[in-house]
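**Q** Each chain is listed here by its residues.
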Amino acid sequence: MSYFRQITQRLLTGFISIILVACVSYWVLSLISPDYVVAVSLSQYLNNLLHGDLGESQFYYLPNLQIILEKLPATFELVVITSLIVAIFALPLGLYTAIKPRQKLARTVMAFSLLGISLPVFLTGSLMVYLFALELNWLPAFGRGEVVWIGSWSSGLFTASGWQHIIMPATAISLSLLPLFLRLIRAELIQVMHSNPVRLAQAMGITPWRIWLSYGLRNATLPMITMASLQFGTLMAYTMVAETLFQWPGLGSLFLQGIIRGDGPLIAAYLVLVSIMFLLINSLTDLAYGLFNPHLAPWRQRPHEIGQHTP
Amino acid sequence: MNTTKYNGHHVWRRFRRQQLWRQLRANKTAFVSAIVLIALCLLGLLTPWISPFDPTNMQQQNIMDAELPPFWQLGQDRRFLLGTDGLGRDLLSSILYGLKNSLWIGFWAVILQFTLGTCLGLCAGYFGGWADRLIMSLVDFQLTFSSLMLAILVLAITRAAMGAHDYHIWAPWLLVLVLGLADWPQYARTLRASVLAEKHKDYIAAAQVLGYHSRHIMVFHILPNTLSPLLVIATLQVAHVILAEAALSFLGIGMPYANPSLGGLMGAGFEYMLSGIWWIALLPGLALLVLLFSINLVADWLRDALDPKNLGQRP
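So the protein lines, in turn, are chains A and B.
In this text, residue positions in the first sequence follow the numbering used here: the first is 1, and each later residue adds one.
In this text, residue positions in the second sequence follow the numbering used here: the first is 1, and each later residue adds one.
Since the hints were derived computationally from the structure, they do not count as laboratory data.
Heads up, the beta-carbon is just placed ideally off N, CA and C, and yes, glycines get one too.
Any given hint could turn out to be false.
[Stated by the list, open to error] Taking beta-carbon pairs under 7 Å as the criterion, some of the chain B residues facing chain A (in silico): (1) S146; (2) L148; (3) M149; (4) V154; (5) F270; (6) Y272; (7) I277.
Isolated chain A (complex conformation):
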């Protein structure tokens, strides 16, 4: 199949999916605010959507798109900082526990990773708030701190207060996600370390560091990308929990407030935008597969087959 045809097919399926999602969110809208649906028919709703009009919130009396874009930077920054923390710690720890599995420290790390899987985000968050905000009084318990406006983007990453506020929620989320990635990297690396090419390289006297990095980590890249894209939803869910706990003014708390207030148009708009985000992430993942390993043509490989090694 040619590359061009592939892209057209992707765009077409993406478009159809968005239309389907829009129909579903219209149905949701009709369940939550029936009177709104009387005024706007499905075809009108879809037409507005194609023109970038996501309707008006019944609580704020502002366009939904504007409200959501206002809250987007907070969530985006939280997600980016969390992902950075996970990446910075998961890679070296995964490498270490894979190549020295019998060392005491490695075993301790693995035991803690099992503990981390069992730790809900809100428990970690509550403990941190209790310890660092209430008892020690080191960090603020809630909010986002001072923000700097860059055009219409509010950023908390340029002020000391912003960093003090983001540390606890980001750490709480990453402590729950870190073990998943650590264990995946470790499992992949152990599998690679017992493969024939690595044995050959060892026999040839290639230095261990080179083997670990260029044989080990490089082969673990694809499963990591798969895992990252599959865990994106989990990340969104955990972000929602952390936003509630730390009163972080982001998308997740906006959605939950919309639910409690019964703000149908806002909920429907949120659904559409989150689905578009999922679609984008999926397309990016497919693109990344092709980049990192052209041999694994993304249009032939389905996610459920990646990470399963043929013996």
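Since chain A is already given, all that's left is putting chain B on it; use the hints.
**A** Just chain B now, kept in the frame of chain A:
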């Protein structure tokens, strides 16, 4: 010809030979966590009889007893061992009822997942062709949305559509249904791979030649030989479902406050924590952590114990 000779009943046979039991005894961590887990399950089962109060009974709560600390702190009350929450309910009873609810939801949701995933995985692997393609594209679709996110969206919308009062009546059943339906792909995916490896073996051919119905072959010949990884997944999933239920209740879209759950208690207790009353949020959290950690430890051990690579090893 006796086909039962071939359909190994892998797990059960090993269980009968007490291999699993010996392996469990040899692993100290797993042994302790299994005992803790069994103790917690017993507590959950016996809750209505051993709990000092009934937190669902409004008559037994008195707002004058609110926010009493646990027994080791100043100002404690002898009637309430672990203190009381903001409404004057005994925290120990609430935690026990929460434990019961968590285990109940975890158990039934996993039964639902297991049944669904196993049926679809068996069909995909055994029949192949369009059934396989259809089921696997469903798997792909569902895997791209994480189960927790899906559950949050579906339950939040249900709550907004039904209204808080109606929703709270149906909450436990909705939780089982949504968490059960949201997480079947893992079973199906794993089972399909093992069925593909298994279905060209001679004992299956023999059963086919003998004229057994394909349903019979799938359930009684293939399934017993591919059960081990499914049991590990199911054990892990119990922890996952309980975690998801706690997160949902924490967000206020799970169990209602009147019917306590560990996550809901934490969500309500968090506000009190900011004014220094830490036990309402942290004690249920501790119970949840112990429950999840013991399930995960047992699952971890079970994975090693059922791994065919470790089959011949003596503990």
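**Q** Now tell me, hint by hint, if it's right for this structure.
**A** A quick look at each hint next to the structure:
1. Interface hint at B:S146: satisfied, since its Cβ lies 3 Å from the closest Cβ of chain A, which is below the 7 Å cut-off.
2. The interface hint given for B:L148 is met, as the beta carbon of that residue sits about 4 Å from the closest beta carbon of chain A, less than 7 Å.
3. Checking B:M149 against chain A by beta carbon gives a least distance of about 4 Å; that is within 7 Å, so the hint holds.
4. Residue-level restraint check for B:V154 is violated (minimum Cβ-Cβ distance to chain A is 10 Å; threshold 7 Å).
5. Checking B:F270 against chain A: minimum C-beta separation of about 6 Å stays under 7 Å; hint holds.
6. Because the beta carbon of B:Y272 sits about 11 Å from the nearest beta carbon in chain A, more than 7 Å, this interface hint is broken.
7. Because the beta carbon of B:I277 sits about 11 Å from the nearest beta carbon in chain A, more than 7 Å, this interface hint is broken.
Comparing the model with each numbered hint stated earlier shows that hints 4, 6 and 7 do not hold.
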